[in-house]
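Listed below, chain by chain, are the residues.
2 protein chains.
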Amino acid sequence: MLRFISLKKAWDVLRSVSAPSPRKKLIPVEHCAGCISAEDICSDIDVPGHDIAVFDGYAVLAEDVFSASPSNPILLRLIKGSSISPGEARAICVGDILPSGANAVVPKEFVKEHDSFIEVFRRVAPYAYVARRGEDIRRGGVLVKRGELIDPFRQALLMRGLIEEVAVYEKVNIGLIVIGDELTRDMNQVREGKVLDVTSSIVSSILEPYAHVKDYGIIPDDIKEIENVLSRSAEENDLVVTLGGTSMGPKDYTVRAVRSIGDVLFHGISIMPGRPAAVGKVHGKLVFVFSGLPVAAYNELKLLLEPFLLRRVYGSSTRPIPIKARATTRIPSRPGVIETVRVRLMIGDSELLIVPLRSRGSGILSSLALADGVVVVPEELEGYEKGEVLNVFRIGDPWGVVYVQEDIS
Amino acid sequence: MLRFISLKKAWDVLRSVSAPSPRKKLIPVEHCAGCISAEDICSDIDVPGHDIAVFDGYAVLAEDVFSASPSNPILLRLIKGSSISPGEARAICVGDILPSGANAVVPKEFVKEHDSFIEVFRRVAPYAYVARRGEDIRRGGVLVKRGELIDPFRQALLMRGLIEEVAVYEKVNIGLIVIGDELTRDMNQVREGKVLDVTSSIVSSILEPYAHVKDYGIIPDDIKEIENVLSRSAEENDLVVTLGGTSMGPKDYTVRAVRSIGDVLFHGISIMPGRPAAVGKVHGKLVFVFSGLPVAAYNELKLLLEPFLLRRVYGSSTRPIPIKARATTRIPSRPGVIETVRVRLMIGDSELLIVPLRSRGSGILSSLALADGVVVVPEELEGYEKGEVLNVFRIGDPWGVVYVQEDIS
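Protein chains in written order, with the numbering used here: chain U, 1 to 409; chain E, 1 to 409.
With the rest of the complex left out, here is chain U:
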C-alpha cells in the first residue's frame, strides 16, 4: 500500500534536490520570440526619445488655449520650424517631435485653419495628445524578466528598446518514456483491443515551451527493458518523465525499475487525480514518474514538473491571475487530498458561474478538452459549497506555481 505524502512535503524534496542548469546563449532579438529570457533585460534608452504627437493636429502651448470654446475661438499664428513661442501654433502629424515651446497638441477637428493663422475651438490640457519622453519605455526600466517566456509583444518592446541581442536559456532536454503492454499509437491496434496512447502527445505539448522533448516510444511492462531505457534516457537528457506503470498493481514496474538502478525520493502524493506519482533519481538525473492516464498526468505535470521548470530551472517569477467565479453546485472533495476539478465557465448576470465537469476519472480526456479551467480544492477542505466565489485558472496557465510554496527557487 502506498503512503501518500502531502504536496508540501513533495516540494520540500523538490526544493532540496539539485536542478538542471540550462546554458545561456546570446541570440538576435529577431529570433527571441518563444525563448526564455536568461536575465532581467533593462532599457538603455527612453522611448520615445522626445515628446511626440499622438494625433494629427497642431502643436500649441496649452496655456494659450485655456479659454478656447466653440463660442470663444482662440487665434494662433501658424508658423513652421522646430520651435514655437506663445501665441503660435505649428501643424503636426502623428509621430512628429513636438517643437520646443509647445506642450500639447490640438486635434485637427477642433481647429479651423486659415492661411496664416488657426482658430482653436476647444481647450486642451498640458501634454494632451502627446506621448512624453520615456512614456513607452523608461531608461533603466525592466523590459523582460529572467525566466520569462518572450511573447511577440515583449519581443517588440525589446526591439523598440534597441536591444539587439538577447540572453536566453537553451531549453533543457527531457526524455519521455511511455510504459505499458496495453498501449499503442496505431489506431488499427485499438480495434484489436489495445489502448491508444494520447497522454504522451498532451504531455509533450505542455512541455514544448520549456524543453526539447525526446520521445523514447512505448516500452512493454518488462522491468529489464524499463531499466535499460531509463538508464539510457537519463544519460542522454537533463530530466526524464515516464508515463504509466506507476501504481501498485502487479504490472506496475516503473517505480521498481527506478529503485533498482537509482533512488526513489518519494512515491505517492495526496493529490487527485494523480496520487501514485513518484520522483526518483537515475544517474544523478531526476525522473518524474507520472500516470499513463491523461488527466492524472496533466495534474501531476501542473503541480510538480511545470513549477519545477519555471521556478527551479529557469528562475521565473510568473504567477497566473485567477478568474473569480461562483460555484453553481457543491464541489465535494476528499479531506486530506488536494483535488483538481475541471470546470466550465458560464456568463452570469454580473459574474461568472462555475459548472464542474462531472467526470472525475483520470482517463476521461474530454474533461480536459472541454474544460475552461480548473478549481483546486485544498487538503483541509471537504470541498466547496454552492454559491462560494472561487479561483479558477485556465487549463493552459501554469497554475501549479500558486499551489506550491512561494519560495521554491
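Hints listed in this document are in silico derivations from the structure and should not be mistaken for laboratory results. Remember, predicted model here, so these are calculated numbers, not experimental data. Each hint should be verified, as a subset may be incorrect.
[Claimed, not checked] Below are the SDA-like pairs computed for lysine to any residue, each with C-alpha atoms no more than 25 Å apart in a straight line:
1) E:K194 with U:R334
2) U:K285 with U:P220
3) U:K194 with E:L381
4) U:K112 with E:R256
5) U:K80 with U:K108
6) E:K108 with U:D222
7) E:K108 with U:R334
8) E:K108 with U:K80
9) E:K108 with E:S85
10) E:K112 with U:E227
11) U:K194 with U:E227
12) E:K25 with E:E39
13) E:K112 with U:R256
14) E:K281 with E:L265
[Stated by the list, open to error] Facing chain E, according to a computed beta carbon distance under 8 Å, are these residues of chain U, among others:
15) E192
16) V195
17) L293
18) D349
19) L353
20) G363
21) L368
Just so you know, even glycine gets a beta-carbon here, dropped at the ideal spot from N, CA and C.
Given chain U's structure and the hints, the job is docking chain E onto it.
Then chain E, alone, in the frame of chain U:
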C-alpha cells in the same frame, strides 16, 4: 476631414462583401494540431467502449457492500474471470473492463484481502470508480466544431475517437505591406532618426494562427509605389493588410492609392485607438488599411480583421469568456466612440481589480506588452465609474467577436 462611421455600420459592409473561401484538405490526425477544422467532426464510437475501472481495487456489485463500514466489514468471495455473481468480487486494475455482473469498484485501501475472500470496510455507490461506456466520448457527439482551432487536447480527443483523417482548412494567404518613409527594420537607422517598424511583427504574430502572411516589406510614401505593391499583393493573396499612411496627413497616401486602383468601402470608424482605419477592394480582394502604430493596429485587427477571419472566412462560432473585475478608478471615454482601454488586473480580497494603464497613445507599445487585458467602453457611454464590475478580455483572446453583431457569418 474624415467622417467616422460606427463599428456597426462598418460591419454592415463587412457582412455584405464576399469573403475568401479557404480550400479544404484531409490530413492525418497526427498533424492536425494548430489547424482549423473545416467541419463539425463527430465520433462514430463510444469511449470507453465498455464500463472500465478508474481505480485499482475490486469489482463488486454495489448493492452487496451497501452496509459495509469499518465496524461492519462485508465478506465477498474472491473469484477470477469475466463475470461475477452477487456475493463475489474480482481484483481489477485501472483501465480494466468491469466483469459482467459488477457495477462498482472498491478501492484497495478500503479492502483487506485474504486467500479466497475480501473484507470490504466501506460502501460504494453504484458506478463508483467506474468510467461508464461513452462517458469520455459519446457516439455521435461533436468532438471539434467547424472553424475551431484544434489544440493538443482536442487533437487527443479526435485520436481517442479513432478519427484518422481530419478535414481542415488551408489557411488563407494575407499580403502585409508597411508604408512610411520614416520606418526601418534596421536598429542602426533608428539611431540616425528613423522609426523602428515593430507593428508588422505584432500583426504577423496575431494573424499566424489564421493565415500565411507574406511580407512585402516597407514601402516609401510614394503613391505609385504603393499602387504597384497593392496591385501585386492583391493578385498574389486572398486578402491584403496595409500598415501606415492611413490618416489624412499630407503624406497619407494609402487610402488614395486604394481608391485610385480599386474601391474604398469605408474610411474612418468610431473606434479608439485606430479611428482612421479603412477597408477597400483591389482586384476583387479586400484590403484592410490599418495604422502603422502598434496599439491602433492591434485594436483595428481585433475589431475588424480577426472577427472577419473567424466568422466569415472560417465559420467559427468561438466566443471568448470575459473575466469579471471591478474598476479601481474612473475609466473615461469619449461618447460616440468605442474605446479599447488596456488594463492590468490585481487580485483583491474576493474579486479581481482593474487598473487601467494610463498611456492612451496609439504608439505606446508597453501598454500592450504590460497589459493583462482590455476593457471596451461602448459608444453610448462616457466611460465607466470607479467601482463598476466590468468585462475584461485577455489581450490574446479574439474578443472582437463579442463587439460586432452576432450574426455576421
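Right, here's what the structure says about each hint:
With a CA separation close to 63 Å, the supplied pair K194 (chain E) and R334 (chain U) exceeds the 25 Å bound. Between K285 (chain U) and P220 (chain U) the CA atoms are separated by roughly 22 Å; this keeps the pair inside 25 Å, and the hint holds. Straight-line distance between C-alpha atoms of K194 (chain U) and L381 (chain E) comes to about 60 Å, which puts the hinted pair past the 25 Å bound. With a C-alpha separation of about 23 Å, the suggested pair K112 (chain U) and R256 (chain E) falls inside the 25 Å cut-off, and the hint holds.
Restraint check: the Cα-Cα separation between K80 (chain U) and K108 (chain U) comes to about 16 Å, which is no more than 25 Å; the hinted pair holds. Restraint check for K108 (chain E) and D222 (chain U): the C-alpha separation of about 24 Å stays at or below 25 Å, so the hint holds. Proposed proximity of K108 (chain E) and R334 (chain U) is supported: the alpha carbons are some 16 Å apart, at most 25 Å. With a CA separation close to 87 Å, the supplied pair K108 (chain E) and K80 (chain U) exceeds the 25 Å bound.
Taking the CA atoms of K108 (chain E) and S85 (chain E), the gap is near 20 Å; set against the 25 Å cutoff, the hint holds. Restraint check for K112 (chain E) and E227 (chain U): the C-alpha separation of about 32 Å exceeds 25 Å, so the hint is violated. Between the alpha carbons of K194 (chain U) and E227 (chain U) the distance comes to roughly 24 Å, so the proposed pair stays at or under 25 Å and holds. For the hint linking K25 (chain E) to E39 (chain E), the alpha-carbon distance of about 11 Å falls within 25 Å, and the restraint holds.
Between K112 (chain E) and R256 (chain U) the CA atoms are separated by roughly 23 Å; this keeps the pair inside 25 Å, and the hint holds. Under the criterion of a C-alpha separation no larger than 25 Å, the hint pairing K281 (chain E) with L265 (chain E) is consistent with the structure, at around 7 Å. Taking 8 Å as the C-beta cut-off, the interface hint given for E192 (chain U) is violated, the closest approach to chain E being about 12 Å. Because the closest C-beta pair between V195 (chain U) and chain E is about 7 Å apart, less than 8 Å, the hint holds.
Interface hint at L293 (chain U): satisfied, since its Cβ lies 7 Å from the closest Cβ of chain E, which is below the 8 Å cut-off. Taken as an interface hint, D349 (chain U) does not check out: its beta carbon lies about 10 Å from the nearest beta carbon of chain E, beyond 8 Å. The restraint placing L353 (chain U) at the interface with chain E is violated, with a minimum CB-CB distance near 10 Å, outside the 8 Å limit. Taking 8 Å as the C-beta cut-off, the interface hint given for G363 (chain U) holds, the closest approach to chain E being about 6 Å.
The interface hint given for L368 (chain U) is met, as the beta carbon of that residue sits about 5 Å from the closest beta carbon of chain E, less than 8 Å.
Consistency with the previously given hints fails for numbers 1, 3, 8, 10, 15, 18, 19, ordered from lowest to highest.
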